[in-house]
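Chemist: This is what each chain is made of:
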Amino acid sequence: MALNKMIPIEEAVARVESGMTLALGGFLGQGVPLTLIRALKARPVHDLVIWSNDGGYGDDGVVELVKAGMVRELHCCHIGYTPAVGRAVEAGDLELEWVPQGNLIEMLRCGGAGLGGFLTPVGVGTAVEEGHQKVTVNGRTYLWERAVRADVAFVRAHAGDIVGNLCFRGTARNYNTTVATCADYVIAEVEHAYSAGELDPEKVHAPGVFVDAVVRADVSYCGVRR
Amino acid sequence: MTPDCRCNIAARAARELEDGQVTNLGAGIPMLVANYIPAGIDVVIQAENGITGVGPVSPPGTEDPDRRNAGNLFVTLLPGGCYFDTATSFAMIRGGRVAATMLGTLQVDGDGNIANYEMPGRKIGMGGAMDLVAGARTVYVLTEHCAKDGSAKLVARCTLPLTGAGECDVIITERALFRRRPEGGFALEEVACGHTLEEIAACTEMTYTVADEVKLDAY
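Residue numbers (our numbering), protein chains in the order written: chain F, 61 to 286; chain U, -15 to 203.
Quick caveat, the hints were computed from the structure, so don't treat them as lab data.
Heads up, some of the hints might be wrong.
Some chain U residues near chain F, calculated using beta-carbon distances under 10 Å [unchecked claim]:
#: 1; residue: P49
#: 2; residue: D50
#: 3; residue: A113
Glycine is no exception: its CB is placed at the ideal position from the N, C-alpha and C atoms.
The whole structure should be built from the sequences, with the hints applied where relevant.
Modeler: In structure tokens, the structure reads:
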């Protein structure tokens, strides 16, 4: 008998508490778990530490949590499309760490994979170097970058089954497969929900073993659906 | 900076691309390069959000929210193109599979330093640019020669936070093309139509030499 991970969204986001570290899938407006982000806004939590590609796109995404005063730190690589996030940083209301995109995904990948960190050539000679140990391998300089693990992760998938196997579509895959591995409690919002056995096992991008809860995505977000 | 100038930069940059190259085009002027790739040259355009074989922007009515480029624009997928996750995308970039990256900048200097993600009062973010300049074999900076207020963008020394230290190989503006010499330092190789060597010298703070075979009215 398959374990049914489909639960009401309120129950899923109740796992998020103040001060927790939250990892988010999505890239600008692509594959962003907006249903979960909006459900979280109804929770009385604050001082969140967020790991995400960006601050959102326009009025959507992380920027909504920032405007609601729920975020203490944001670790990301781009806030160019969300001026409100930049203003929060300038005002001292939000702590920002710039993390180059490839380093960011690898930090989350290592966190999910039980690794302690990695050596990266990216950021050598820039402000990213600060606080990083340098290591030389075969004559090339690398920064020793840390692994990151979150308390809770939100991802968005095109299709998912009740045991948490996930399939993504197009460029909405982006961070989602990796973010699905990097937290103690992983919640997936799915545009289409299936029973166990209905998804082609060859087409699963994220195995259900990584996923703790599955909720229905609001398909009105991210544009018109097929 | 008129649209013509931007297109002029993009058209010149497109002539740098070689058949079969995997290329990443950043937001702004670099994305226009896709419109000028010469006939007979097949270039695989990679976008770091997780797509290769990026085609032209989607015609109205055919936009797919799950098929976009790294600037969040709706795009088409050319035959042979595919999708992948971000970790795979950056394995491609750092692993040396991306031959050329073209990106805009706020400042660039004669040591090949690039600063394009933050200025006082405006935080943008480096996105994948730090990874791209470190990983791509050839790094092209495509930029207006001067900022909107007339100040130099090709500066003596970058004062803004660096995206990459010593990573720039070629600078293409609406007025001139500079290429880094193997021994270091940039050489002015081409001057665009309507501009002179004296004029380039007057609006360029960056140290450079003039190539022996500098081409005038080159593009």
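Chemist: Confirm or reject each hint.
Modeler: Okay, the hints, checked on the actual structure:
A hinted interface residue such as P49(U) counts as satisfied when its beta carbon comes closer than 10 Å to some beta carbon of chain F; here the least separation is about 3 Å, so the hint holds. For D50(U), the suggested interface contact is upheld, since its CB lies about 3 Å from the closest CB of chain F, less than 10 Å. Here the hint on A113(U) is kept, as its CB sits about 8 Å from the closest CB of chain F, short of 10 Å.
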